[in-house]
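Listed below are the residues making up each chain.
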Amino acid sequence: MMKRNVLAGVSLTAMLMAGGAYADTVKIANISELSGAGAAAGTVWAHGVDLAVDEINEHGGILGMQVEMREYDSQTDPLQSRALVQKAIDEGAFALLGTVYSSSTVVNMLVAQQNGIPQFTASEAPSITQKGNPYIFRTNWGAQKGMPKIGAYMRDQLGVENVAVAWANTEFGKGGHDSFVEIVEEMGLKVVADVPSEQGQADFSADVLRIKNSGAEAVFIYLTQEEAARFLMEATKQGLEIPKIGDSVLTSEKVIELAGPAANGAKGHAALTIAADEPRVQEFAAKFTDRFGYSPDYNAMKGYIGAYTIKYATEMVGEVDSQKLADTVHGLCLDAEEYPGVLIDMCWDDTGEVSRESYMVEVVNGQEQVSEVLPAN
Amino acid sequence: MTALRLLFLVAFGLALFIAPLGQGNYIIYVLCSWLIFSISAMGLNLTLGYAGQISLAQAAFMGIGAYITALLTMAGVHWIVAVFCSIGASFVIGLVLGYPALRVQHHFLAFVTLAFTTLVFLVLRNEDWLTGGSLGLVGIPRPVFGPFDTMKQLPFYYFTVVCFLITAGVMAWMLHSPWGRAFKALRENPIRANSLGLNTTRMTLLAFAIGSAMGGLAGALQAPLVQFIEPGSFTLILSLKILLMVIVGGSGYFFGPILGAGLVVLLPEMLRFTDGYYLIIYALLVLVVMIFSPHGLIGLGQKLLSSFKPREERGDLKQGAQL
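For the protein sequence lines, the chains are A and E, in the order given. Going by the numbering used here, the first sequence opens with residue 1, and the numbers climb by one from there. Going by the numbering used here, the second sequence opens with residue 1001, and the numbers climb by one from there.
Some hints could be false.
Said to hold, decoys possible - One-sided and incomplete, this derived list gives chain E residues near chain A with beta-carbon spacing under 8 angstroms:
id, residue
1, F1012
2, N1025
3, Y1029
4, T1200
5, Q1227
For the record, the hints were derived by calculation from the structure and aren't laboratory data. The beta-carbon is built from N, C-alpha and C at its ideal position, and this holds for glycine as well.
Just chain E, same shape as in the assembly (with noise of 0.2 angstroms):
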């Protein structure tokens, strides 16, 4: 790791904690759910950007988790255990659903996945009895740790920064791992990847298992923020919301997604004093970068900065050529 980085990981950690400071609740809120949205869309990026598969059912496991965490929460389970049954179920589906499914691939993949997300937005709203149908579920707990009362809006946020960082951090080292050089592999060049002895389906079917659950941690995390979940809130809009936030972002990259949920989450409210125009405008924006970089903003940024930097020459060549 080069100390620029190092730097800036350093300068973006403290970016988190000092962001929300001086701030109203709104501000807090919104950055609340940036937080969430960037779990989410990362566990998406592992599957579009690094296994390459395209799936629309992210919404579908956010529904999944925010349900689970917010029954077990109402029934009096503490959020902790509740947050890990959310991902367990999320995991445990993902690899039932990709097990099938994955055997096609890309544009078929989406369209189960997208299949997917209707039936689970159906049976939220029609078992009444456990979901509460299309009235939802409303007086979700936040969760209390000994003395830290996450109820008000600032200590929400730092448990929100806590769970991100940690997510962050696994999902680093699992990119580091040879797991994560298999996944890499596998999104470069499958059939190679394959002659090299990796077995890509259990690869990509891992991959796809690992994104859902954190999706999964993701809708843990928005059912106490929001304290309401209706099955309205997790459709293909949302899928299609999150699948914007990897693609603008730049998918395949660690901080597309982060950078992605961001603008998609961030860039409207900003845009808010234009009145009437900031949706137009907000389209527009999207449009232009995907446009003129179909690699996403982090692609962007390192285009602009190769052009910038001198190219090296090798050594070797510069002698070859002068011979």
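So that you can see chain A by itself, here it is in the shape it has in the complex (with noise of 0.2 angstroms):
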């Protein structure tokens, strides 16, 4: 009888102490391009979103709860992410990290909208932060904020005039050309080639040949990263000799991979870059190149900090609300000292739009060089 009594006693014990662990935890879900065309880049930042919630969980979860993180595959389909979006709601996720590929998150928005489900993305389409949705946010500038300085820089610093533009014709490359040109012309310089390009296309030789016969003394190049490593091979294949600018992508470690020699002299305007000389992106990189065996880089580090920022924000708030959380981190600065999980100093605005310094890269010898930091605007 009394062993009865022991075990009902146990067992009474233990399921309470599951249902209490169940009521103790955080759900976030991750939805991002882990097969198809945006692999390359939705894996990496699922790896940085991996370390983040790995790390968060050791060091006791957000509020002493532990974070349950479900990953969802979008399969680089914005259709099918716009479902997943709504899956990972359904299953109770009260904040939502991703896409990656901004034709995706441009859909899958509205789903997190009507629900009220703040969502940290890695997009950088200009149209993202400008539909008025109260929900979005992004772990690193929109292009139309980095276009501003790589104009500058092309026109004062490398004294160009004439410019070539190579770019993606879907809704990343589009947003970035859009506001590129736009803003080049401005200030005066004169867009000589005008080269779009589909996705996953694989023959970049009339691309190539084009910017080369249009006397252009630079090119900026918009593409995602597996065809900026083609267009860089095909233009030393050419011997394109002008300087080859871009954004983050153009100088990230996947382009670095896949081109090879092809992308040193390449420079990028970055946001997020492991080049950067701050102890904690080293150390990031430390951490994130032990687990996975490759070198992080610009999306790696947005993940990490989107789910960081959920995080603090949700650490400010005080409790797991996803209205408060997303009212929070409008207008929330979060200075790296206090919160090194966003690893440089950021701040969103009301938009859901970030700023934050950033920097000039330039490919050297195989490796990311930081020649210049440029200040937050």
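Need the complex rebuilt from these two chains, each delivered in its own frame; the hints are there to steer you.
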């Protein structure tokens, strides 16, 4: 009898503990491109998120509760990503991370908005924060914020007048292309070659030839990773000697890996780079490389920052509440000294847009090197 | 119609109405996609399974339907008007494309329709002023029918079910009409059909145009479901996906594309618990089905059924054998 009572007591305690553990978790979902055309970027982002979430859980979770993380593969399909954001919300996620590709984010953020769930995205298309969605937050600034810095760099530092633009004809590329062209034309530069390309395009010989014959003194490259690598390889093959300027994609680890020596000399304007002379960034890079066996890039940093932002902002609110989290992040500034998970000081405005200082990075001997630090705008 | 068949139809209809009850929005969304792709695949089945022609243009017709409905409803036109415009435009474009294209057959037709899909994608992407270019169109309204507002997921599902049932009904009626028999004759033996006085060119063209119009209808439903469309959603990959639905389900069978669409849309969802492996398992399953049953799942089912059924022997032959 005694034995049975003890057994009942133990199982009851176990049940209560299990029930308690269930109640004491915070549900976060990550929807990213783990397969399909965007797998290169999406997987790195997801690894960044994983690293942050595991660290958060090791150090006591959020508000003392463990983070229950769910991952969803959008297959780089906007329709699928929309469905999965719905699924994540149905399954109780109080905040979302993802997606990376802007063409997906622009669709699935509508669902998060309808449900009032804050979403931290890696996407950089200008349109995302211009639609008045109060639940979308970037983890890096949109392309339109980087363009004036790149334009000024080309005009003042390189002294060029005629530029060529090679861009991806997708939501991501078009947004960046449009704001770049508008800004450099305002600055008095002339766009002499405007060369769009397809997602997954393999042959860039005609594109490079057009730029070579256009008389451009510099080329602005706004392509996704695999395409950027192919472009650089073709440029080397055809001996395109003019400066090759891009954003964070052009000098990212993946592009360097794919393009090999052809990436040398490419310059990128990056907000997030492991070449940054910041001990926190270096520490992050070391942890990441140690765990996943390859060097992180800006997408990994974005994922890491996104997950930590949810932690910090939720702890400021003091409870797990989607609406209050969204309200808190609007106008929030996080100092990296106090909040090391954001790596570099950053602020959000009322539209969810981010500002932080940035770097001009050059690829030298297969390594990213910071050539200049540009202030936040 | 046998009693068994009637019973099956009633059960299927009931299941459609019960399926979303108590489910989350996500499952309802997936069920909506299934029904919409079923409509599109039924259209392609008409071209492929009945008229015997391979078309890779079904995605383009869905795109045409989706953009027409999106643009019209965003301009304030009611969905009912917009959907007829979508169907009508797809039908006419199908006729115009089919007339010269069907002079070539089989894989040549596949190439022509492939080029057409690429063309439609390029027009949708490059004509920014109308289609929004690669940024697509966002915020497509869902239809309202008097007091019945489909803005929420569940009412939209029932709205999709009604559209699906109407389409399936029309399709069934058509297949049992002289047209349907002409289509079947065409598939079985075009030369014999021709020699029986059937205008094969006209019938093939008609099957292609009606199939295209159904693609247009599916697009007109997809636009309000997703509330966002972009040219990238209507590329060759989608055409191949719809082709896969028809072939895996069983081309030439009425329920083939419905089953196939279910498999293509729902199976990856069911396999998600296997994490990183789900697409591999899915691809393997499709391969296995195709290797063991080139006639698709319905063909496989019939094969299994007939192996269990005792073979009916003709009495007169049996008698003859005894003589």
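Hints and how they fare:
1. F1012: violated (24 angstroms)
2. N1025: holds (5 angstroms)
3. Y1029: holds (5 angstroms)
4. T1200: Cβ of T1200(E) sits 38 angstroms from chain A, so the hint is violated.
5. Q1227: Interface hint status for Q1227(E): holds (6 angstroms vs cutoff 8 angstroms).
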